[in-house]
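If you read the sequences in order, they're chains A and B.
Note that the working numbering has the first sequence beginning at 2, numbered continuously upward.
Note that the working numbering has the second sequence beginning at 27, numbered continuously upward.
There could be a bad hint or two in this list.
[What the hints assert, rightly or not] As a list, the in silico DSS-like pairs of lysine-lysine whose alpha-carbon atoms are at most 27 Å apart:
1. B:99 <-> A:11
2. B:38 <-> B:99
3. B:38 <-> A:83
4. B:99 <-> A:90
5. A:90 <-> A:11
FYI, nobody ran anything at the bench for these hints, they're computed from the structure.
Source: prediction; values computed, not measured.
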Amino acid sequence: MTELLVGTRKGLFVLEGEAGSQFAITTRAFVGEPVDYAMRDARTGRLFAAVTSPFWGPRVWFTDDEPGAGEWQPARGVALPKGGEEALKRVWVIAAGEADGLVYAGGDPGVLFESRDDGETWQLNQALWEHPTRPRWRRDSGGLSVHAIVPWPGEPQRLALAISAAGVWLTDDGGATWSHGNEGIVADYLPEEARATAIDLCVHHLERAPQRPERLFLQFHGGVYRSDDAGRSWIDIAAGLPHDFGFPVVLDPADPDSAFVIPVTTEDRVTDGSVVVWETRDAGATWMPRDRGLPQSNAWLSVLRQAFAATGSGPGLELYFGATSGEIFGSADAGASWFGVATRLPAIASVRAG
Amino acid sequence: MAMVRLRGQLEKLAGSSQLSIEGGTVTELLQALEEEHPGLEGWFLDERGVLRQHINVFVNGEPVEPDATVEEKDRIEILPAISGG
Numbered sequence: 002m003t004e005l006l007v008g009t010r011k012g013l014f015v016l017e018g019e020a021g022s023q024f025a026i027t028t029r030a031f032v033g034e035p036v037d038y039a040m041r042d043a044r045t046g047r048l049f050a051a052v053t054s055p056f057w058g059p060r061v062w063f064t065d066d067e068p069g070a071g072e073w074q075p076a077r078g079v080a081l082p083k084g085g086e087e088a089l090k091r092v093w094v095i096a097a098g099e100a101d102g103l104v105y106a107g108g109d110p111g112v113l114f115e116s117r118d119d120g121e122t123w124q125l126n127q128a129l130w131e132h133p134t135r136p137r138w139r140r141d142s143g144g145l146s147v148h149a150i151v152p153w154p155g156e157p158q159r160l161a162l163a164i165s166a167a168g169v170w171l172t173d174d175g176g177a178t179w180s181h182g183n184e185g186i187v188a189d190y191l192p193e194e195a196r197a198t199a200i201d202l203c204v205h206h207l208e209r210a211p212q213r214p215e216r217l218f219l220q221f222h223g224g225v226y227r228s229d230d231a232g233r234s235w236i237d238i239a240a241g242l243p244h245d246f247g248f249p250v251v252l253d254p255a256d257p258d259s260a261f262v263i264p265v266t267t268e269d270r271v272t273d274g275s276v277v278v279w280e281t282r283d284a285g286a287t288w289m290p291r292d293r294g295l296p297q298s299n300a301w302l303s304v305l306r307q308a309f310a311a312t313g314s315g316p317g318l319e320l321y322f323g324a325t326s327g328e329i330f331g332s333a334d335a336g337a338s339w340f341g342v343a344t345r346l347p348a349i350a351s352v353r354a355g
Numbered sequence: 027m028a029m030v031r032l033r034g035q036l037e038k039l040a041g042s043s044q045l046s047i048e049g050g051t052v053t054e055l056l057q058a059l060e061e062e063h064p065g066l067e068g069w070f071l072d073e074r075g076v077l078r079q080h081i082n083v084f085v086n087g088e089p090v091e092p093d094a095t096v097e098e099k100d101r102i103e104i105l106p107a108i109s110g111g
């Protein structure tokens, strides 16, 4: 049985089902409120939700009960310093760290929070908050956000972040210091003479290959890239894709040469009438379309950066993506074919599978 | 002391549906409310100390601005605004 945690504009939806057939909605939470992200920490089973209440502000919630069976608790400390000029706008992502009790949350305005007690209390990462380059960071259409947090398996001190629009950030000392990882990324939305020193890089998503952690894949605002040196430099691997624009990236955890992307047109940021997932199994040298079972006409879907998820690996890899149209599609065979999971949900912001 | 009436999640976090709070203005009263009841921290005022955009505050049934004066025995209600969707 597969569980999907689906963050939508009108609440958290939990779906369950067997890969290959329609899933059932088993419960809802935060009804009517925007849920930007939800995940289950596999180490503890604890559920997390990032809720951006238009009334009461952004907040991380957690529960150890099964969805619908108990109470959600508000986490403490997910806030900017009091008395300053900025306020937290939203939490974009929550990720398990590589040490007991360590959990991360990323949000707008370009902030990272850390918890060492399984998400009950949190602290702002000061080094990133006070980074001297911050005045040069730029907002994209979604805000200024830490939206991807990528730990290094087995090494709790090493972490990569994606910030829109401030590029890739790396730490090897648990967040005490941060360095850029932007070499090779080309921002063609900037004048040529500005690109070499640009910090305002609009990275859309970042994923690390667990079997080869120095390898990462990146979907950019016009470009798909691969790094083989832990994110310090990047190689353009978009050749062969119909469009180099898109938002999410997903990997097969068993194959460090794999990646799945959902290209959309640069002009309107939706699929170009047909929905196609593209797969590489040679680290981006070639790409193959995977569209069997996906709509191939009159389909202009928007799939946001957190709305594509994987569970399992290898031949048992299951893939799921949700669109702002409220539809969810899934694959039980690593993308070879696709089935309808759910329809008519509110606009989908995130999908996590487990 | 003014009387603040809380409903729903706010009541649960405060542990009471009615709280007596002192404050010269609405903003000062909300600051005191959050300080005296840490579970409510950040629910009314953001980190800048600004009233959240889609909250309405009523004093004795009348909508007021954050800098409105609060008198002894005023009844305060804090409600979601329809502008929040």
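Do the hints match the structure? See the list:
no.: 1; hint: B:99 <-> A:11; verdict: violated, 38 Å
no.: 2; hint: B:38 <-> B:99; verdict: holds, 23 Å
no.: 3; hint: B:38 <-> A:83; verdict: holds, 24 Å
no.: 4; hint: B:99 <-> A:90; verdict: violated, 35 Å
no.: 5; hint: A:90 <-> A:11; verdict: holds, 17 Å
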